[in-house]
Structures are given as C-alpha cells and as structure tokens.
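Novice: Here are the chains, one letter per residue:
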Amino acid sequence: MSGTDGEKLTLRADHVAGAAFVAFGAVIIALSGDLPVGALSMPGAGFLPRIVAVLTIVFGLALILRASAESPPFAELDWADGKHALTVTAITGGGILLYERLGFIVTMLLTLMALLTIVERRNPLRAAVFCVLIVGVTYASFVYGLKTPLPEFGY
Amino acid sequence: MDRRTFVIGTAACVAAAPAIAQTPFPSHAVTILVAFPPGGANDILTRPIAAALEPILKQPVVVETKAGAGGQIGAQVAATAKPDGYTLLSHNNGISGYAEVDKLFGRQPKTTRADFIPLARLIADPVLLLVNDQQPYKTLKDFIDDAKKRPEAIVYRSGGLYGATHLPMAILEKATGIPKLRHLPTNGGGPAITALLGNNAQASTQAISASLPHIKSGKLRALAAFGATRSKVLPDVPTLKELGFDAEYYLWVGLFAPKGTPADIIATLSVALDKAALSEQFKSVVNSLGQEYSYQNAKDFAAFWAADAKRSDEAVQLIGKQG
Amino acid sequence: MESTLFSLAHGFAIAFQPDNLWYAFLGCLVGTLVGVLPGIGPLSGISILLPVTFGLNATQAVIMLAGIYYGSQYGGSTTSILMRIPGEASSVMTCIDGNAMAKKGRAGAALCIAAVGSWVAGTFGVIALTVVAPPLATIALKFGPPEYTALLVLGLIFLAYMSSSSLVRTLLMACIGLMLGMIGIDNMTGHFRYSFNLTELGDGIGIVPVAVGLFGLGEILSTPSHKVIGEVIAPKFRELWPSRKEWNESYWPIGRGTLLGFIIGIIPGSAHIISSFLSYALERRISKHPEEFGRGAVAGVAGPESANNSASTGAFVPMLALGIPTGPIPAVLMGALMVHGIAPGPQLVTEHPDVFWGFVASMYVGNLMLLALNLPLVGLFVTVLRIPYAYLYPLIIMFCVIGVYEVNHSIVDVWIMLIMGVLGYALRKFSFDPAPLVLGLVIAPIFEQSLRQSLIMSNGNYFIFFNRPISAGLLIVCIVLLGMSALTFILKRKDWRDKLAAAEAGEPIA
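Residue numbers (our numbering), protein chains in the order written: chain A, 11 to 165; chain B, 21 to 343; chain C, 6 to 515.
Extracted from the complex, chain A is given alone in its bound form (with noise of 0.2 Å):
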C-alpha cells in the first residue's frame, strides 16, 4: 500500500462499495433463516447460497482492505448525470405502475412524452408528433404484423 497517513483517512469508492457488498451479504445470511443446510454429501435449501453469501462478505472486506490503492476516494466521484438517472427513474417507474392498467398506447404516449417535455425539454409538439407516431408504428407491427397483444386498457 503506498497511501500515506492522510490518504488512509479518506473515504474511498471501494469502501463504501465494499461495505455494501458486505451488507448484502449479511442479509441474504440473515434472510436464510429457516432454510436448511444439510451437510457436504447432501447440501440443503440453504447450503450454497450460505457459501456464496460468506464468500461475498470476504471479497467485499478484500475490496476494503485494497481500496486505498485501487479506488478514488468517494468524494471524488461524479454525481452529475445523478438527476438524470433519478428523473429517468422516476418517470419510467410511473408508466410500469400504469402499464396494465393504461395499456401499451396510453401509458407509453404519458412515457415518451414525460421523457421528452420534462427530462429533454424538447419542443412539445415535435415530441407529440414523435410520440403518435411511435407510439402507433410500435402497436400495428406488434398487434398486427406479428399477432401479439400488448396490454389493452383496463386490461
């Protein structure tokens, strides 16, 4: 490790990283409750994803350990697409929530739509216009052309 005393202080990605890993793998411990282990001639329910859990802490803890040399320190890391993700997200979450009870057309019109007006902030009739016509090309070729019904309103 070449990290001088005041490098070792800084929280770096893989620490962060590495303690979710860690975290991760204690839940699935903890989730694995009841399931049974059985024994190395006959592993049970429980028996491989409990190694693959335990493995998954120690490599998370190995990320740790290694971090200092082979990570930026957190605060370093760019967060500037961050509302782009979490608006994308967002709107996309939506149209699945609405996705059978709207439809295909409905909620993948309210979808690009949002996508567009909000997140591109694009012209909204151009986006309209966009919209309809994708919209009804993706429909006819799925609904007609190959005979796959997409969700239907108030499917």
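These are computed hints drawn from the structure, not numbers from a lab. Note that the structure is predicted; figures quoted are calculated from it, not measured. Heads up, some of the hints might be wrong.
[Said to hold, decoys possible] Label pairs and their calculated CB-CB ranges:
no.: 1; chain 1: C; residue 1: His15; chain 2: B; residue 2: Lys279; range: 52 to 62 Å
no.: 2; chain 1: B; residue 1: Thr159; chain 2: C; residue 2: Leu10; range: 40 to 50 Å
no.: 3; chain 1: C; residue 1: Leu203; chain 2: B; residue 2: Ala248; range: 31 to 41 Å
no.: 4; chain 1: C; residue 1: Gly384; chain 2: A; residue 2: Glu162; range: 34 to 44 Å
[Claimed, not checked] Lysine to any residue pairs mimicking SDA-like chemistry, simulated, CA-CA at most 25 Å apart:
no.: 5; chain 1: C; residue 1: Lys108; chain 2: A; residue 2: Leu50
no.: 6; chain 1: B; residue 1: Lys168; chain 2: C; residue 2: Asn466
no.: 7; chain 1: B; residue 1: Lys161; chain 2: B; residue 2: Ile198
no.: 8; chain 1: B; residue 1: Lys303; chain 2: B; residue 2: Ser251
no.: 9; chain 1: B; residue 1: Lys161; chain 2: B; residue 2: Gly218
no.: 10; chain 1: B; residue 1: Lys279; chain 2: C; residue 2: Asn202
no.: 11; chain 1: B; residue 1: Lys330; chain 2: C; residue 2: Thr194
no.: 12; chain 1: C; residue 1: Lys293; chain 2: C; residue 2: Leu487
no.: 13; chain 1: B; residue 1: Lys200; chain 2: A; residue 2: Leu50
no.: 14; chain 1: B; residue 1: Lys330; chain 2: B; residue 2: Arg250
no.: 15; chain 1: C; residue 1: Lys109; chain 2: A; residue 2: Asp91
no.: 16; chain 1: C; residue 1: Lys250; chain 2: C; residue 2: Ala377
no.: 17; chain 1: B; residue 1: Lys236; chain 2: C; residue 2: His357
Each residue gets a CB set at the ideal place from its N, CA and C atoms; glycine is no exception.
Use these hints to put chains B and C onto chain A, whose structure you have.
Specialist: Frame of chain A; chains B and C shown alone:
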C-alpha cells in the same frame, strides 16, 4: 341443413337462452389462460378446443400463456380474475396439489381447489412405470423384488418435486410396499426422459404420450400402467390393478372457471365445450398425441377431480418434507 | 455415407419445392423481424406462430418454425449492437464489444461480422448435423448431472477472463449473480428461497430482465443527453463493411466459436446458453490484445455470435436423432410435429424421411437466405443511430419495457428490470463490470441442481465426478487451466490485468 350446422345452431341457441335478460354471454372475447409453456400438452390441446369454441360461442377465444412456478402463476392469475366467464384456465394435475404442499411447509396456500369450478377434462393420459433397456427387469415383479432386496439402490427421475411424475411413484411405493427409492427431481418431463435414456436414472413414471416413441424403439420398457384399463396403444402392458395393486394415476388436462362464476354462464360454457370436444380438429390432435379420446363433461370431471385430488393429497403426505 | 448424400439430395428436392421455399423464406423473414424487434425473442416468436402452422403439412410447418428460430438468432444481435439491449441471454456478450464497436462508428462492420459469423456457424452446424448426428447424440446422452457440474466448474473458471476489472471485482459480481440465481423454488426440496411471498419469483429471476436492465437501462441512466450532443456515431455508407483488418481478426474467432458452440449445443439441457460466454472468455484468454475486449474487440463479437448460432443448430441434434428436446425451443418444435401426428424420436428418420431430410435441407437454404436478407439490411438498421440521442433513448426505454414484459407477461419482471437498471448505474459509478453477474445468474441454478443431483446419485460420494470419463476429463481441463494461471502468476508476477489497471490509473507499469 346438415347435422353439423344444426348442432352448432342448437349450441348457439342454448348459449344465448339463459342470459337473455342481461347482455347475453359471451358479448366479447373469451380468454383461456394456459398455465404451462407452449409445446406442452396443455398448450397443444387447448388451442384446438379454443378454435372449435369460436364458432359455437360466436366470439373470439384467445389462448394466453401464463406459465411459471410449476403452473402456480397461471392458477393464481385465474383465481383472482373477475369471475364473469371471460377468463378461463387450462391446467393439469398440478392444480390438485399446491395447497397440500403449502400446508407441508407451513405456508399460506395461494390457491386451493375451492377457487376453481371444473368445466371439462380434455384428456387423461395414464402414467407408465418405465425402466431403460440397460436394466434387467422384465416384469413389475422383478422390479419390486430387486427394490426390496437393495433398498435405496434404484434411482428414479421425475419432472419435479411433488409434480405429476413424482406422485405416482409415491403411490406405487405405498401400494407395493417397496422401500423408498432414491428420487432425483428434474425440471420438466423432457429432461427426466433424457436422463432415463442416458442411464442417469434407472426408472421413471411418465405419461404414455411422452414415452411412446422410446418404448417403440426399445430404449425404454414399460413394466406397468397406472390406468384403470389397458391402453389401446400399449395392449401388452398390464395395469397395476390387474396385478393386484391399488394404484391409479393419470396426467390430465382440464379447463376451469374461477370460483363465483354465475351458474348460467358455467352451463353455457359446459354445453359449448361438450360440442367443441366433438370437433374433428380436437379429435385429430388427441389422436396424433397417441391418446385415446377421454373427454369428460363438467359433471363427470368434477367427480374425477375429487378422486384425483384425494390421491394427490395422500401422495404428497407420503412423500413428506424433503431435506 | 452414400445413402446420407442420396437422402440429402432427396431433401434438397423437397426443400426446393416452391411451396417449401416460400415457407422457409417466410420463416426467415418473420424470424428476422422477431429478432430485430426487441422484446419478442425466438421462443415467443415461435409460440405465437405455432397455431398458424396447424393449417400446413408437417414438413412446411417445421421448415417455417425452424426458419423463425434461426432467423431470430440472426436478428438478435442487431439490438445488442445498436442499442445495447440483449434480446436474450446469448446476446449479452455481443452487447459489450458490439456496442463498443458501434460507438466507434463501426456498427455496420459489427453487424456484418455477426451476420457472416452466424452464417458460417449455422451452415457448419447443419453439415455436422447431417453427417454425425446419430453417434453424437448418443454420446451427448451420457451427459448426466456429474458432467454438467464439471462443465459449469469450467464455466466458473473462465469467469476470470470475462472482465477487465480486477479479480476481486469480477468475483464479487459473480457472487451477486449466483445469489440472484438461487432465488425461487428449490427444485430439490421444494423450499421457496428469498422470494418474499411473490409467486412470480418462484421460477427465479429471469435472465432477460436482468441483462436488459444492467446493460440497456443502466447505460441510459448514466448517459444524460448533454454528454452526447454533437457526437455522430452513424457511419457513412461506404464505411458499413468490415475492413480487411477486421475480417482478418474474425476468421479464427468465428471458427473456434462455431466448434465450441456446436459441442455445447448438442448437450441436452439448458447449458447451451453458456456457449457465448465461454467463447468470449476463450477469445480473450488467447488474444494477444486482451485489453481491447470491452472496448470494441472484433473477436468479442465474432466468437460469441458464432457460438450462439451453432449452439442453436446443435440443439437440433438430440431433438431429431433421439426425440429429446434440449431446451424450450426444440420443445415447441416437437410439439408442432406432434400436432401433425409425427412423434419425434429415434424412428423419425426412417418413418418420415421427407420431414427429416426436407427439414435438414431447408436449413442449408434458410441460412443462405438469412445472409442474403441480413447483409442488405445492415445499412437500414444502422440508420437507427442517426436518430438524435434525446429521441433515441426514450425509444429504447419503451422497447426495454415491451421486451421484458412480453417474455412472460409479467409486470414483476419489468420492475426487476428497473431495479437492475439502477443497480447497473451504481455499478458503473463504482467501476464494476456487470457481465460476470449475468454469467453467475445463468450458471447458479444449473450448477446447484446438477451438483446436488450428482450427490444423490452417488449417495454423497464426491468421487462420482472422477469416476466418469467425461466429467473427469472436464475437471482435468479445469485443473490445468488453474495450474497455468498459477504458473504465469509465479513466473511473471503480473499479468495483463495489472498492466491494464496500472495503465488505467495513469501510472507507469512497475
């Protein structure tokens, strides 16, 4: 007017009669959910019946696959669907056993048999006890004697734990008094037959339709059949009943409506199904599967299902919890 | 042999009948469409069109359905390369370098190489099918649980070559994948594992939602449109074809991928999806420039694409020769044959020579048709990249949702995709590579089941893996590979991975 048109016409009249007060059923497309993947018996048999239903109901009949979790997903979707006759379910033996397995594991059952109204049985395919050609057994007696002599030595494959090819072996074990054989669960009937052919298992219980080509080629040998009578395609294979063992089991495919579907709609659908089952289309598919025509109407099927469910529950209890 | 040639000639006579030619073309066309449209994979494509074929005779039906099958395998690479959406598990590896090539303006070249690789693999597969099907199929039957276990151990060892990140990072990703793969009903004991009372998780987490989320959506989340403005990646028309250098780099990977894929393809069971992963790892292992992988290496497209196509042809061997479905798609094809009163099985060749040889011959014809269909379309497909990014990515999101939903008609799958998208974004931030995660997910259920089945077969004795010739052979390969890596490590101290890491960190190589 030939007979066929007459039949269809009558069916349409009967179909329309009870519901004249409200909007007549069906007023739009009927969907049959198939709980198993395409290519399986459920899919192959449900499609021709749906096609034959269309002219009778005078509405489109859509077949939709809702496969997954050994048929449980389809059952669950159908159980929670609006009980208006527009959503039906095509399922098999599996539907009998879920609740009992859940009970075994102390889980709250997602669906029980009470959630469904039986409409029709499309087919009942007797199960065979099969061994591969590298085994010495020529008769069921050879098999039983060896199983008693060398407990835990014979390995059998099934298409899945507590599944329709696992339960008959448990029934056989009980009826013949042989000690438990070693069980290798696989996912699906196809892989189980593959394993048997490759001698990665010595025995299996499989339906006639799935194993017939391999029996004909001599790679697999059927020692006994689980049917009530001998099968026409395999007249040399004795039934377990003939041999003096009380064991019976079929792989069947049936249609169901969700609980709470109005009685008049059930009546309309049963009449329509009885007619559809007589169609050439359906009969030829049954034939090409190497099957005998074994359609049952709603009443007979209800009685059959009750008996089958009892067998299935007992078998699940016999197997108990593994590992 | 002579009788084979004679039968094949008879088969060609059947395949060249105008009707059959037309159905082969129709199948290829629909298959290409199905493959290119994200969302409908080969399985749903075939299942949907199965009832259409009830009206045809058996030969026509199987010719058309098979056309859809391999047509969609061809088309599947298109969305992977252009949009980084893997349509199915076998296209995941194509995503990585194929999309990287597209970003360098070589989308056309990547598509061409994928098409030619698929053609070579498909044609080789059919030749092998014609000549050696019956004996091969009998050997393939010997593949029981112990052999599977050994094969997957080999797969896990190859993991180390999958990714350019450090070994700890690769292993962590694989572990997460393995854990996700263990969700659902335990086949051996019936326990529900980590499924939070959701029946939809009973069969475990699907590969498509995870792959689409991690690769397709994850990429979109971490790429705001202001980053890509002014960046033109759509190539000029004359740049569509691969350069001489690119061709030279793809010959051997295509050859190796074809052979590897075919061998894995004939094994009954679901192992053939690992063929493209193994091919990728193999190419990287033997490449002189492993650092190019992940940044648009031609071999990273040519190898896996060929492997996945010849595996899908190889999957027909046990189906036709023994009547055993090796996966869900051959199962549907067998269902179609059964509807026509033909039981696939050992007697198929003797009882229905028209169906068998007509089908085999139509596969030669179909492969050629697909090449002729796909190469001219490359130019059309590449124009997709001319759509401005701000309009393109909402479109990709829409296709991700349709695609994932249509596989099982399950909204839970779509939620999994979104969660995986967010995870993919986070992994990218912390410089983790998701490819090993997908391989872990693919391997986990098969590995666990075959390990436990082997132990039931042997009553808990681990010697079963060394008693049987095939599994012992595979395990010896594993040990040799591990030994070789250990040796390089001791001799050189540093392998390419360290050099790469050092180069990335901008430090001089010590």
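Novice: Each hint should be assessed against the structure and marked as holding or not.
Specialist: Now for the hints, and whether the structure bears them out:
no., hint, result
1, C/His15 - B/Lys279: 52 to 62 Å, "holds, 57 Å"
2, B/Thr159 - C/Leu10: 40 to 50 Å, "holds, 45 Å"
3, C/Leu203 - B/Ala248: 31 to 41 Å, "holds, 40 Å"
4, C/Gly384 - A/Glu162: 34 to 44 Å, "holds, 36 Å"
5, C/Lys108 - A/Leu50, "violated, 48 Å"
6, B/Lys168 - C/Asn466, "holds, 23 Å"
7, B/Lys161 - B/Ile198, "holds, 11 Å"
8, B/Lys303 - B/Ser251, "holds, 17 Å"
9, B/Lys161 - B/Gly218, "holds, 24 Å"
10, B/Lys279 - C/Asn202, "holds, 23 Å"
11, B/Lys330 - C/Thr194, "holds, 22 Å"
12, C/Lys293 - C/Leu487, "holds, 20 Å"
13, B/Lys200 - A/Leu50, "holds, 22 Å"
14, B/Lys330 - B/Arg250, "holds, 23 Å"
15, C/Lys109 - A/Asp91, "holds, 22 Å"
16, C/Lys250 - C/Ala377, "holds, 23 Å"
17, B/Lys236 - C/His357, "holds, 15 Å"
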